[in-house]
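**Student:** All chains should be modelled from the sequences, with the hints used to inform the complete structure.
Line by line, the protein sequences are chains D and X. Going by my numbering, the first residue of the first sequence is number 1, and it counts up by one from there. Going by my numbering, the first residue of the second sequence is number 1, and it counts up by one from there.
Some hints could be false.
[To be verified] Below, a list of computed lysine-lysine pairs in the BS3-like style, where the Cα atoms sit at most 25 angstroms apart: (1) X:LYS129 - D:LYS164; (2) X:LYS18 - X:LYS226; (3) X:LYS125 - D:LYS164.
FYI, nobody ran anything at the bench for these hints, they're computed from the structure.
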Amino acid sequence: MLEQQLINGLTLGLIYALIAVGYTMVYGVIQLINFAHGEIYMLGAFFCVTLITAAGLPFYVAMLMAVICCALCGILLDIIAYRPLRRAPRLAALITAIGMSIFLQNLALIIWGSRSKPFPRASLPAYLSEQALVMGQVGLTWLQLFIFAVAIGMMVALFLVIHKTRTGTAMRALAQNRTAAALMGINVNAVISFTFALGSAMGAVAGILVAVYYNTLYPTMGYTAGVKAFAAAVLGGIGSVPGAMVGGVVLGVAEALGAGYVSSLYRDGVAYAVMIAVIVLRPSGILGRAAIDKA
Amino acid sequence: MLELNRVQAFYGTIQALKDVTLTVRSGEIVTLIGANGAGKSTTLMAISSVVAVGGGTIVFEGRDITRLSTDRVVALGITQVPEGRMIFPALTVLENLRMGGYLRRDRAGLRADEEHAFQLFPILKERRKQPGGTLSGGEQQMLAIARALMARPRLLLLDEPSLGLAPMVVEHIFAVIARINTEGTTILLVEQNAQMALQVAHRGYVLETGRVVMSGAAADLLADPKVREAYLGDGT
Numbered sequence: 001m002l003e004q005q006l007i008n009g010l011t012l013g014l015i016y017a018l019i020a021v022g023y024t025m026v027y028g029v030i031q032l033i034n035f036a037h038g039e040i041y042m043l044g045a046f047f048c049v050t051l052i053t054a055a056g057l058p059f060y061v062a063m064l065m066a067v068i069c070c071a072l073c074g075i076l077l078d079i080i081a082y083r084p085l086r087r088a089p090r091l092a093a094l095i096t097a098i099g100m101s102i103f104l105q106n107l108a109l110i111i112w113g114s115r116s117k118p119f120p121r122a123s124l125p126a127y128l129s130e131q132a133l134v135m136g137q138v139g140l141t142w143l144q145l146f147i148f149a150v151a152i153g154m155m156v157a158l159f160l161v162i163h164k165t166r167t168g169t170a171m172r173a174l175a176q177n178r179t180a181a182a183l184m185g186i187n188v189n190a191v192i193s194f195t196f197a198l199g200s201a202m203g204a205v206a207g208i209l210v211a212v213y214y215n216t217l218y219p220t221m222g223y224t225a226g227v228k229a230f231a232a233a234v235l236g237g238i239g240s241v242p243g244a245m246v247g248g249v250v251l252g253v254a255e256a257l258g259a260g261y262v263s264s265l266y267r268d269g270v271a272y273a274v275m276i277a278v279i280v281l282r283p284s285g286i287l288g289r290a291a292i293d294k295a
Numbered sequence: 001m002l003e004l005n006r007v008q009a010f011y012g013t014i015q016a017l018k019d020v021t022l023t024v025r026s027g028e029i030v031t032l033i034g035a036n037g038a039g040k041s042t043t044l045m046a047i048s049s050v051v052a053v054g055g056g057t058i059v060f061e062g063r064d065i066t067r068l069s070t071d072r073v074v075a076l077g078i079t080q081v082p083e084g085r086m087i088f089p090a091l092t093v094l095e096n097l098r099m100g101g102y103l104r105r106d107r108a109g110l111r112a113d114e115e116h117a118f119q120l121f122p123i124l125k126e127r128r129k130q131p132g133g134t135l136s137g138g139e140q141q142m143l144a145i146a147r148a149l150m151a152r153p154r155l156l157l158l159d160e161p162s163l164g165l166a167p168m169v170v171e172h173i174f175a176v177i178a179r180i181n182t183e184g185t186t187i188l189l190v191e192q193n194a195q196m197a198l199q200v201a202h203r204g205y206v207l208e209t210g211r212v213v214m215s216g217a218a219a220d221l222l223a224d225p226k227v228r229e230a231y232l233g234d235g236t
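**Tutor:** This is the structure we're talking about:
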């Protein structure tokens, strides 16, 4: 029972973590909570399903293309909505982010309708719905393993991009001191676009995985997931990428344990209680580095 | 090489630069001295296009750079070591240096320049894997200069390199500035320490509330009674 809850929580947590890194990276470079990030996640799921049903593409190809489309949407979102406000007070950009969230949600409602859709399971490779491992009462499906592999693979890739590439280092430099970064010859807007693309791609992957996992997608699915992932990012320490990963997993596990042992009605309540506790005890988050990054 | 022609700049509604006209010729060290708030740093930030220019023109090697973006200005060969050093605190010393060479693609040249930087400042080699934020003030200043040199600038803008440093360290920094210049880099130096600045520079400009009020050969300014009284601490 406990093992099963842990597996479910880990699955959910890795998905939260994928979304949370998008919040935290964008916050790192432009100190903006991109509330429309949840909608990019939702678009990822819809793009993928549309590419499968309307264009007849195989699952993996559709997934890859949907992720690329979302990366481009992220860049466009920044250029259209946030770039003109770069020198404006932060509150203006924040309200714009909420506005873009509502706008994208309603755009999706117009395009795809308000009814939730099932994921076209026929397009999925057959093995995904089989049990990979059964030990007593604990079961692990191939789909869960697929989610683990993709999520962990994406995180490792993200870590390498941030720490081993020139653009990734420029991203970290920009997050630490924008003026100094510009004085190095770094094209600040290009690096910000890159950050949006990277975060949006991760979010899109999460959206697709969730749609497959729960076998459903709907235009407002980005809202709750977005709020939860934002909570995970804050929990881990906003601005810290490893923090977002840890925060996502902690939140997912807390939620699954809360649902399993208390009541599934308290699922969200337990998650938020954990977040509040961490924020009260450690305001900069689990891995938040208040001092050195801003010195 | 660089010409500022009646440059004006504003912070909001406050006019920080009213009329700055100055010239830097290839191969020179030119210094800009003046009291706090005279507009010295703003002048450098206007050249680097971090502060928008509200009037006048800035011409670099015959090309109008007044409205270029900061990264374009750097690409043309003007690099700045900003006031307060602005080291990336969570990047290692080596990563800080790599960011200095961000626009360059010649790997071999970059490697060679890293070695050159470590020759100028051997302490940086020892600390190359440490986060920049853990360095002392003097080491950070060395790193800031080394980082700027990684771009192979033709014109180096230096803002208050002596600020907050012990006299011994200041001596070292100024010796390196002179050496960088003899190795072929033109320098525009902003300093509160007018004595040191005028000793190392060829020419100087005196800035007062956003205007150039005096200029000339560094030796002449150093001997000028008005300069001595206002900026070199020769009280009456």
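**Student:** Look at each hint and say if it fits the structure.
**Tutor:** Hints versus structure:
A distance of roughly 14 angstroms separates the Cα atoms of X:LYS129 and D:LYS164; the hinted pair therefore holds under the 25 angstroms criterion. A hinted pair counts as satisfied when its Cα atoms are at most 25 angstroms apart, and X:LYS18 with X:LYS226 qualifies at roughly 22 angstroms. Between X:LYS125 and D:LYS164 the CA atoms are separated by roughly 20 angstroms; this keeps the pair inside 25 angstroms, and the hint holds.
Comparing the model with each earlier hint shows no violations; every hint is respected.
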